[in-house]
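Assemble the whole structure, with the sequences as input and the hints as a guide.
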Amino acid sequence: MPDPRPDPDALLASLHRDEARARRGRLKIFFGMSPGVGKTYAMLRAAHQQLLDGVDLAVGIVETHGRRETEALLAGLPIIPRIRIEHRGIELTELDLEAVLVRQPTLVLVDEFAHTNAPGSRHPKRFQDVVELLDAGIDVFTTLNVQHVESRADAVRQITGAPVHETVPDPILDLANEIELVDLTPEALRERLAEGKVYLGERAATAAENFFKDTHLTALRELALRFVAERVDSRLRELRGTGPVKAVWRSGERLLVAVGPSPSSLQLVRWTRRMAAAQGAAWVAVSIESSRSLAPEAQRRLEQNLALARELGGEVVMTHDEDIAKALVRVALQRNATQIVLGKSRRPRWLAWVAGGNLNDRVIRLSGSIDVYLVPAERAAGKISPRLDWLPVERSPGREYGEVAAVLAALTLAGWMLMPHSGYLAIGLFYLVAVIVLSLRVGRWPVLAAGVGSALAWDYLFIPPTFTIAIYKLEDGLMFGAYIVVALVAGQLTARIRAQERNERLREERATALFHLTQALAAARSLDEGAFAALRQADSLFSAQCALLLNDGANALTPHFAGSFTLSDKERGVADWAWRNRRKAGRFTDTLPSAEGFFIPLVREDRSLGVLVIRVPAEAALTLAQRDLAESFALQLALLVEGEQFRAAGEREKLLAESEKLHRTLLDGVSHELKTPLAVLSAAAENMALADSPTRDRLAGEIQTATRRLHRLVNNLLDQTRLESGALRPKLDWCDAHDLVNAAVENVGEALVGHPFETDVPAEIPLFRADFALMEQVISNLILNAALHTPPGTPIFLAAGMDGAKARVFFTVADRGPGLPAAMRDRLFKKFQRGDAAKAGGLGLGLSIIRGFVAAQGGEVVAGENPGGGAVFTVYLPFTAHSVVPVE
Amino acid sequence: MNPVSPAKEILVVDDEVQIRRLLRLTLEAAGYAVREADGGRAGLDEIIRRAPDLVVLDLGLPDLGGLEVLRQLRGWSRVPVLILTVRAEETEKIAALDAGADDYLTKPFGAGELNARVRAMLRRAPTESDQAIATFGDVSVDFSARVVRRQGAEVKLTPREYGLLKILLLHRGKVVTHRQILRELWGPKSEENTHYLRVHMTHLRQKVEADPHRPRHLKTESGIGYRLVEE
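Chains as they are written, first to last, in my numbering: chain R, 5 to 892; chain P, 35 to 265.
In short, the hints are calculated from the structure, not lab data. Cβ atoms here follow ideal geometry from the backbone N, Cα and C, with glycine treated the same way. Just to be clear, a hint being listed does not mean it is correct.
If you want the footprint, here are the derived chain P segments under chain R, 3+ residues with CB under 8 Å [to be verified]:
(1) 188 to 194
(2) 230 to 241
(3) 245 to 254
Residues from chain R that face chain P, not an exhaustive set, calculated with beta carbons under 10 Å [as the list claims (entries may be wrong)]:
(4) HIS69
(5) THR711
(6) HIS715
(7) ASP737
(8) TRP738
(9) ASN746
(10) VAL757
(11) PHE761
(12) THR763
(13) VAL765
(14) ARG773
(15) ASP775
(16) HIS886
(17) SER887
(18) PRO890
(19) VAL891
What follows is the structure, given as structure tokens:
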């Protein structure tokens with residue numbers, strides 16, 4: 005390369021890795037070729053060294069297998085007790101992950117990296133526990149044998165002949181900061197075995213015969229050494245990637261592997277991973293779902309195969325198509341794949357033809373410049389019938405065969421009666437029509453059966469000589485042959501058309517569902533509304549119960565009320581896990597697959613906003629397409645939640661600006677409103693001492709007025725604050741309108757002087773429920789307002805009464821002043837709005853407080869024109885009659 | 035009340051020195067001896083040592099809240115207590131009255147209001163036995179005969195109305211909370227039935243007040259209770 009600058013992508017990737025590593029705990033693996041080489045022993049020795057260095061460490065789980073030297077080493081270390089899990093009456097002990105996370109040691113020892121946890125544990129595999137510990141920033145020491153490395157498992161099986169059940173995916177091993185090889189020569193190991201230091205008693209003998217054969221050990225040792233050496237190499241390459249590019253990077257290569265439900269796909273995936281690793285290339289695993297639904301067992305296997313691909317670091321692509329070969333090539337072109345990996349088919353040719361052509365041949369034909377590898381699958385991999393991977397499961401095959409039989413029987417009977425009139429050739433046509441009609445109603449195999457069955461029936465019963473299979477005439481034979489071909493082809497064709505139709509329909513359904521969802525979400529005015537619409541749609545679409553949990557802002561999940569079921573504590577736990585780890589969990593996933601629900605985190609740009617939970621009945625399952633759809637739902641919901649958060653943030657900003665403006669107004673208003681009476685007070689007090697007696701009395705009067713004005717101001721500010729802080733909790737109690745009016749008028753006091761004042765409260769007005777003190781404030785504020793905003797001498801009226809029809813009580817204050825300026829109408833009840841004509845006094849809080857207080861009691865206040873001039877304010881409160889009071 | 039007899043002693047408990055000074059000025063002008071305490075604990079000490087005739091207690095004390103002072107005090111003393119509060123604390127007022135305060139005054143208050151309260155509280159609590167006949171305005175109540183007269187003419191009261199009037203008379207000049215009345219007349223389970231009280235009060239006012247819609251004697255205390263005012 006002429007340009008020696010580092011590749012920015014490689015630099016970025018390297019940075020990401022460094023960053024991730026800085027936050028994570030460090031993982032050290034004590035690696036060995038086989039059990040008994042002393043990995044646990046080496047780990048414990050290292051732990052003791054750490055302990056001496058003052059590191060806060062704890063033993064999460066260590067298996068001593070009764071080895072005395074190991075046990076002695078374990079003695080001095082702090083141990084976190086194991087958790088006990090009961091499974092089918094057997095008590096198993098496992099690493100107590102939660103306890104370790106709570107204890108938060110700097111370093112924890114976790115033996116046997118590849119161990120499979122007891123059913124019911126949080127993760128199926130112990131290495132998943134370790135990943136969580138690393139994520140939590142805890143350093144981990146662990147042990148591993150080469151046979152448990154996923155990409156080496158096949159090799160080990162070929163060497164020893166023993167199947168390996170527990171494996172650790174290679175990308176997990178990439179997390180290791182350090183791999184320490186614990187090496188021992190095969191002779192030394194066999195010696196240790198003989199001394200009973202590895203296995204105790206009889207097990208030692210069997211083990212020695214099988215696994216610990218010299219030849220095996222040498223091969224395993226080589227495998228282990230090579231594995232560690234390769235890792236050193238890959239670390240070197242990684243480091244070199246950040247320096248100036250010297251060699252051509254080969255990542256132009258990209259492998260694509262077709263994954264099906266067959267167990268042989270597992271090997272195919274492993275093979276691809278090895279190839280990709282060797283070439284330094286990326287790889288993609290593709291699964292293609294057609295309209296034929298898979299048997300539950302096959303579906304499960306397919307998921308396992310895809311999970312393995314994911315674990316091994318492959319990208320998983322799922323797509324839908326009737327034509328698998330076409331789809332494979334399509335994906336390969338989309339992803340720029342340079343190589344396609346296929347399993348060698350063991351299916352007989354004729355079967356392949358019936359099933360729509362040989363897949364491999366077609367891929368090769370369509371693939372153009374893309375290389376195609378055919379990898380032979382080993383038969384030993386699984387005992388599962390090869391038919392499983394393609395046999396379609398129709399909804400009720402028994403019933404369809406019954407239908408075919410019934411139609412053929414009826415036709416045969418009818419044909420028997422028609423025979424003398426129509427001749428046997430016409431009956432053949434009847435049969436053919438029946439077969440074609442049937443193909444529109446039943447599956448591919450029943451149609452095939454109908455074709456063959458009707459052909460036999462026609463031949464046996466109608467073609468002379470009747471009651472024999474034999475055909476004498478050449479033209480009958482040709483007729484019969486043509487019949488068979490037409491029946492079979494017609495059946496297959498219509499079946500294929502129907503499958504395509506169904507596929508189209510499914511796609512259509514998905515598109516419609518998504519369309520409806522986006523439409524509903526777009527129409528939703530609030531998060532609650534949107535969530536409700538989305539969950540109800542999901543309920544019906546997946547025939548499941550759906551729930552939504554959202555981050556409540558305090559770093560915890562809260563269920564949204566729109567959910568159609570309540571989550572159990574366990575489910576809450578799973579949801580929490582999915583949310584914190586931003587990964588799917590529960591059914592159909594690798595984490596807590598025993599859970600009843602499918603948990604999808606709502607993730608937007610690195611933020612986990614909540615979790616969508618879909619609880620499918622235990623006997624039902626979600627297809628890949630449905631799960632894709634569910635994820636689209638989750639994404640839409642995440643967008644909705646995010647939108648809501650943005651809206652809230654904008655709202656907060658607006659509020660902030662508003663409150664800033666408010667503060668300014670408040671400061672201006674308050675300073676003026678406070679300074680005026682204060683100036684009066686101070687001047688009056690100063691003059692008091694010097695003044696003569698009549699002046700003194702007048703000064704005292706001024707002081708009184710100024711005080712009252714200050715008092716009113718402070719009260720208004722306090723009331724407004726109470727309203728805005730939401731601290732206002734009206735105490736509704738039975739109120740007497742007369743009492744209320746009296747109290748309010750008394751409260752207004754001398755401000756009314758100079759205004760003729762009339763009240764009109766009917767004597768028999770019933771009690772109503774209200775907060776007496778608030779209502780007193782409301783009515784006196786209204787009277788005060790009228791007094792302040794009208795010229796002296798104009799009258800003020802106060803009326804109360806019952807609006808029987810609408811079941812409410814009203815209080816009206818009317819004046820004969822200038823009325824309400826039209827321009828003021830809209831902002832009348834907003835705070836800091838003062839009438840232009842207002843006499844001195846007031847911050848413009850009165851009406852805002854009135855509205856707030858009335859609204860808090862469930863009522864409303866209305867402003868209007870007084871016929872004949874002036875303004876009218878009416879307060880309405882809801883009315884309910886009290887129970888009968890006994891006369892006593 | 036009577037400045038010639040040894041002056042009644044009033045203890046003012048408030049943390050604001052200005053309020054204490056103002057109260058001292060006003061109360062001493064009315065002929066009482068005034069002592070001050072600037073906090074709840076100091077107030078309690080003073081009450082134990084001096085046994086004042088009346089305590090004016092601010093609810094918002096910094097060290098020991100007025101309500102807490104009241105609770106401790108009521109464990110061992112029946113001294114009349116007048117509570118000082120600020121507006122918008124109806125709940126606290128009621129809580130204080132329920133905790134044994136005898137009356138309340140809302141800041142800011144006038145001298146006349148303060149003196150009226152103090153006078154009413156220092157008057158020895160009347161009982162049925164030592165006051166056979168009580169009067170207010172143009173109404174007289176004969177406790178022994180259970181007869182109520184207005185302008186000399188007998189007024190027929192139902193038992194509840196009579197009971198209501200009697201409670202207010204026994205606490206004349208002082209506030210009586212809704213709860214107090216309901217508990218006494220209808221029993222502790224009826225504290226929620228405030229409409230009983232409203233309805234009976236309306237009836238009572240119709241019978242003993244000149245203008246039942248603008249009562250002069252049977253006054254409503256906003257959100258708290260009733261008070262019988264003599265003039």
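Right, here's what the structure says about each hint:
1. With a cut-off of 8 Å between beta carbons, the segment 188 to 194 of chain P has 3 residues touching chain R; three or more are needed, and the interface restraint holds.
2. Under a criterion of three residues with beta carbons nearer than 8 Å to beta carbons of chain R, the stated coverage of the segment 230 to 241 of chain P is upheld, 6 such residues being counted.
3. Counting residues of the segment 245 to 254 of chain P whose CB falls under 8 Å from any CB of chain R gives 5; the rule of at least 3 is met.
4. With a least beta-carbon distance of about 67 Å to chain P, the hint placing HIS69 of chain R at the interface is violated under the 10 Å criterion.
5. With 10 Å as the threshold, the beta carbon of THR711 of chain R comes within range of chain P, its nearest partner Cβ sitting at about 7 Å, so the hint holds.
6. Here the hint on HIS715 of chain R is kept, as its CB sits about 6 Å from the closest CB of chain P, short of 10 Å.
7. Residue-level restraint check for ASP737 of chain R holds (minimum Cβ-Cβ distance to chain P is 5 Å; threshold 10 Å).
8. Annotation: interface hint on TRP738 of chain R holds; nearest CB of chain P at approximately 4 Å, less than 10 Å.
9. A least Cβ separation of about 6 Å between ASN746 of chain R and chain P falls short of the 10 Å threshold, and the interface hint therefore holds.
10. With a least beta-carbon distance of about 18 Å to chain P, the hint placing VAL757 of chain R at the interface is violated under the 10 Å criterion.
11. Given hint, PHE761 of chain R at the interface with chain P, is violated; its Cβ is 13 Å from that chain's nearest Cβ, farther than 10 Å.
12. Interface hint status for THR763 of chain R: upheld, as the beta-carbon distance to the closest one in chain P is roughly 9 Å, under 10 Å.
13. The closest approach between the C-beta of VAL765 of chain R and any C-beta of chain P is roughly 7 Å, which is under the 10 Å cut-off, so the hint is satisfied.
14. Taking 10 Å as the C-beta cut-off, the interface hint given for ARG773 of chain R holds, the closest approach to chain P being about 9 Å.
15. A cut of 10 Å between beta carbons decides the hint on ASP775 of chain R: the least distance to chain P is about 7 Å, and the hint holds.
16. For HIS886 of chain R, the interface hint holds, since its Cβ comes within 10 Å of a Cβ in chain P; the closest pair sits about 4 Å apart.
17. With a least beta-carbon distance of about 7 Å to chain P, the hint placing SER887 of chain R at the interface is held under the 10 Å criterion.
18. Checking PRO890 of chain R against chain P: minimum C-beta separation of about 8 Å stays under 10 Å; hint holds.
19. For VAL891 of chain R, the suggested interface contact is upheld, since its CB lies about 7 Å from the closest CB of chain P, less than 10 Å.
Going through the hint list in order, the structure does not satisfy hints 4, 10 and 11.
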